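**Q** Residue numbers (the numbering used here), protein chains in the order written: chain A, 768 to 1101; chain B, 13 to 279.
Derived by calculation from the structure, the hints in this document are not laboratory data. Predicted, not measured: the structure shown is a model, and the values here were computed from it. Hints are not guaranteed to be accurate.
Under the rule of at most 25 Å between Cα atoms (straight-line distance), these lysine to any residue pairs were calculated in the SDA-like manner [claimed, not checked]:
id, chain 1, residue 1, chain 2, residue 2
1, B, K71, A, R1001
2, B, K201, B, T182
3, B, K87, A, S978
4, B, K173, B, Q98
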Amino acid sequence: MGASLILLSSILLSLLFGPVSIRGDRIFLEILNRIPGVSIDSGLSSIQAAIVWDVRFPRIILGLIVGGLLAVAGASYQGVFRNPLADPYLLGVAAGAGLGATIAIVTGATNGEGMFDALPIAAFIGSAIAVGITLVVGGAVGRSTSTASLLLAGVAVASLFTAIQTYIQQRESSTLRQVYSWILGRLSTSGWDEVIMILPYATISLAVMFSMRGALDVLAVGEEEALSLGIQPRRVRWIVIGAASLAAASAVAVSGLIAFVGIIVPHAVRLVVGASNRLVVPLSFFIGASFLILTDLLARTLQSPAELPIGVVTAFFGAPFFLFVLRRRSDGII
Amino acid sequence: MESSDSLNVEGLGVNLGGREVVNDVSLAIESGGWLSIIGPNGSGKSSLLRAIAGIIPAKGTVLFQGKDVMQLNAKFRAQTVSIVPQIPIVPPRVRVIDYVLLGRTPYLGRGFQPTGEDVHLAEGVMAELDLEDMSDRFVTEMSGGERQRVIIARALVQQPKLLLLDEPTTALDMGHQQDVLELVDLQRKRLGITVIGAFHDLTLASQYGTSMALLVNGTVSKSGPPHEILTEESLKDIYGANVSIHKNGENVSIIPERRKSSKGDFK
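Okay, chain A solo, but in the shape it has when bound (with noise of 0.2 Å):
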């Protein structure tokens, strides 16, 4: 399938580049080298077959994770609330991995070296408590057929939380640089922790969101609708919502706040293949991996070997696509 190359090349060619010139080749050598039974000598010395292995290829396996997440997420949310405005944030993930990310720093709780650091953790913590405030109040308040409230309840939460997070920012300034350059989305790793510390959460969220994607289709219909066509949206729906901000909060934990990948990836996809649920969940995956893998290409080599947060060059070519799709929707098209 076509997205399976483009993902497939996209890894390629990450792999090629960095602020280290290393041949490609001998790369491509080394990572044969690394599955298990094979032997190969590579060619690279140790340094070297370091970058490769332990920098940039878990980078771009973060990236290919995160990108798919947040794109799978995306269609999801919007296929869920039939709103293709809906991002992966929109029910305080943002604002609650942002108050957990802020606190962990003016803690200091990330200043240690060790093998976990809580900044994660603590994202994870903050984003989760966020979303079930919101499912919380918003599946109570809005018993009925309508998805506004819990919209509404998640606009709440946020501001809640960044009014929370903006007063402990203000008070310890001097953490304003990290905090900051949190929220602006990177994809920095420390070898494979974070890749094994998100896989189970990616695994379980993608599963249930790929096997959902039918049920949405019918959901389009509306609720009553797909009721009378046999399914039990209000059951569909709370599943959905449920992984969907699994995969978002996971997601924001490892990478901080990266902007509209979970918009634009969707949107690009249904702009090629029509609405059907059934292609545009599976696809955005692939598309939305490779998005994520070439834009951090073009975040650590634009200004090596200085490095750009990835939210800046994801949001630098999202928002202008963004608009172009708000346009085309004015005309009748999405």
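Given the coordinates of chain A, assemble chain B onto it according to the supplied hints.
**A** What follows is chain B alone, placed relative to chain A:
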């Protein structure tokens, strides 16, 4: 006690926002029959149909072929009853074939992936409705008549035993109204489906209905064969309409008459 009755509705009530929009409705239809429900705007026709379909909360019982439809789970109920809503929600950028295949949802497994058999069945129904060349078009880009046939195709692909039509012809011109209703009637006779339809057009309602119920303020005011329900007096009473009714055997046609000016004739 009519043992041939297919559908027995007993004491059905629907409360929407504190208002009893359907109140203690009881109905019986023979298997394979067509019940036309008529009544003025706001008389509860739509709510009655949606309650029978089990998609809005209601009290009372709906027994269909001995089973209580309201107690069935959504999946089994959807294999028995399908509804053509008055104003269906048609999502943008969805192709006709995908939309029609939604009707197979209650038969699909966990992943909701239609099989080749489902596609075959959908294509069969689409061919009968003259939709076979429109498979790849977007539903939102079709004309009113085409779109109505697509929605009926979805309801038929569901292979219901009870088909509910909520004013299926309101958006259509005269020719398409007849096309759509003939098509439903053909399927009814061929497959033995029981049909309940809500109508504004009384002539069509009486032409296709084997029986008729007149709904007023959420209760059944009269029910029986169409030619007994439709009288000049009852239509004046209930619809506040001036009509003349022409009967030819069991065929009824209703002709609206312009109200005479209260100031008398100017000659």
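**Q** Each hint needs a verdict: does it hold in this structure or not?
**A** Status of each hint after checking the structure:
1. B:K71 x A:R1001: holds (21 Å)
2. B:K201 x B:T182: Judged against 25 Å, a Cα distance of about 23 Å means the pair holds.
3. B:K87 x A:S978: holds (17 Å)
4. B:K173 x B:Q98: Judged against 25 Å, a Cα distance of about 20 Å means the pair holds.
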